[in-house]
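J.: Here is what each chain is made of, one letter per residue.
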Amino acid sequence: MSADATPLLHTPLLHTPLHALHLELGAKMVPFAGYAMPVQYPAGILAEHRHCRHEAALFDVSHMGQIQLRGDGAAAALEHLVPQDIIDLAQGKQRYAFFTNAQGGLLDDLMVTRRADHLFLVVNAGCKADDTQHLATNIGHRCTIVPMPEHALLALQGPKAVLALARLNPAVATLSFMTGGDFELAGAHCFVTRSGYTGEDGFEISVPGAQAVALARALLAQPEVKPAGLGARDTLRLEAGLCLYGHDIDTRTSPIEAGLTWAIQKVRRPGGARAGGYPGANVIEGHLTMGVSVKRVGLVGLEKVPVREGTAIVDAHGSPLGRVTSGTLGPTVHEPVAMAYLAVNHAGLQQEVYAEVRGKRLPMRVSPMPFTPHRYHR
Amino acid sequence: MTTKFTADHEWIDIEHQDAAVVGITLHAQDALGDVVYVDLPEVGRSYAQGEVAGVVESVKAAADIYMPVNGEVVEVNEALRENPALANSDPMGAGWFFKLKVADTTQFDALMDPPGYDDLLKTL
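Top to bottom, those sequences are chains A and B.
First residue of the first sequence? That's 1 in our numbering, and the numbers climb one at a time after it.
First residue of the second sequence? That's 1 in our numbering, and the numbers climb one at a time after it.
Possibly wrong hints are sitting among the right ones.
What the hints assert, rightly or not - Incomplete in silico selection of chain B near chain A, CB under 8 Å:
1) Asp34
2) Val36
3) Leu40
4) Val55
5) Glu57
6) Lys60
7) Ala62
8) Ala63
9) Tyr66
Don't read these hints as lab results, they were simulated from the structure.
Think of the CB as a built atom: it goes at the ideal place given N, C-alpha and C, for glycine as much as any other residue.
All chains should be built: construct the whole structure from the sequences, respecting the hints.
T.: Shown next, in the form of structure tokens:
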């Protein structure tokens, strides 16, 4: 597996359909999951972050995987791989889900939307090849798996996103959080969901790659909209308390340890009509009924020093309690914010713990998440 | 010429040998992005050339500040501690990090002059 994990120096980075536009806008491009992606534009991460919280920010997330599951058995088949209720997901509704492994860990997290004649999945860029293989191997005989590499994905996020997007097509304003539908935008047939990963109101727009630049330009022409890169996307989702796969959740974390119990519907839990039946169900059900020994918590630093991924968290005596999985200085909250897995007896709200940074013990407090209130349009 | 540069992208201005000024370069601040925190050295402490004398952190990353020459720290920029964004807006001026009493001027002489540093940047 190490060969797959090592970046292949001679493999050229993939480009999204917006690559030339990013360069034109002055983006700083970095390698991410095999793609050249904009980490920031000339405004910088802080300005892009704030613009998203106050106005509207346009993100290119075309590196993410878009996959259709087609056929009558698709919903039942997908329930074989995720602990979510997919069968009862109504047309036009979207749901957060995750692929589990036999040990009850997480292979990836994803969004599932039921469209008229198929299920539409959005998965993480770094996992999409493995996810597609996982789907093909396990449920390829029960439904048709159609990757959509020719489609771009744009995220328009922020309190004024609806204002800007409604100028292109007023009907998008009828969507509520976690619903989606087909809309014509800048001459392109798009599938739009009212969702995102910033904690703000906003939309994710699946658009044919050939028309993505025209749509992006039409959005950037709106007075509320400015481009934002992966740097701001990361600080926004962290303040919103949302997990980043490969950092806050991975193959070794169970969804219960990760605090994602809310995402497992009752019908799939012990006692539910369709309980179990997904990989690792015995482990996850054990965590649900017996509890867990570690859990993901939010931490706020009491000093101004950023506390980053990998930092050890200790008690007042220096005994290890856990490790930070994501952390930065929150640009909206103006405090160091982090996520960490802590032993449950130290994971209570308001408990004080210490981050070991450069030989110093910095006090932090276990805090509720999100760090900034979600402002979804429900 | 009183300003020289290190390969680690610090600058040092030795106009006053008892209070030479040290900061990070325009290139360094651009590579880091928005600076949100600085850890400054202890006033009165002596450091050897190449020793870690501070830390500069942006939203994305943390980087060490290395002592460009042997010397004793005589002052740190409290305004920078309060407003780390000065390292972005005026890295060669108001965004300076600390001042030091230079112990060995031959180490200063061996650092890069501005054209030498420009040549280094072209190789990056």
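J.: Hint by hint, which ones does this structure get wrong, listed from lowest number up?
T.: Hints 3, 8 and 9 contradicted; others consistent.
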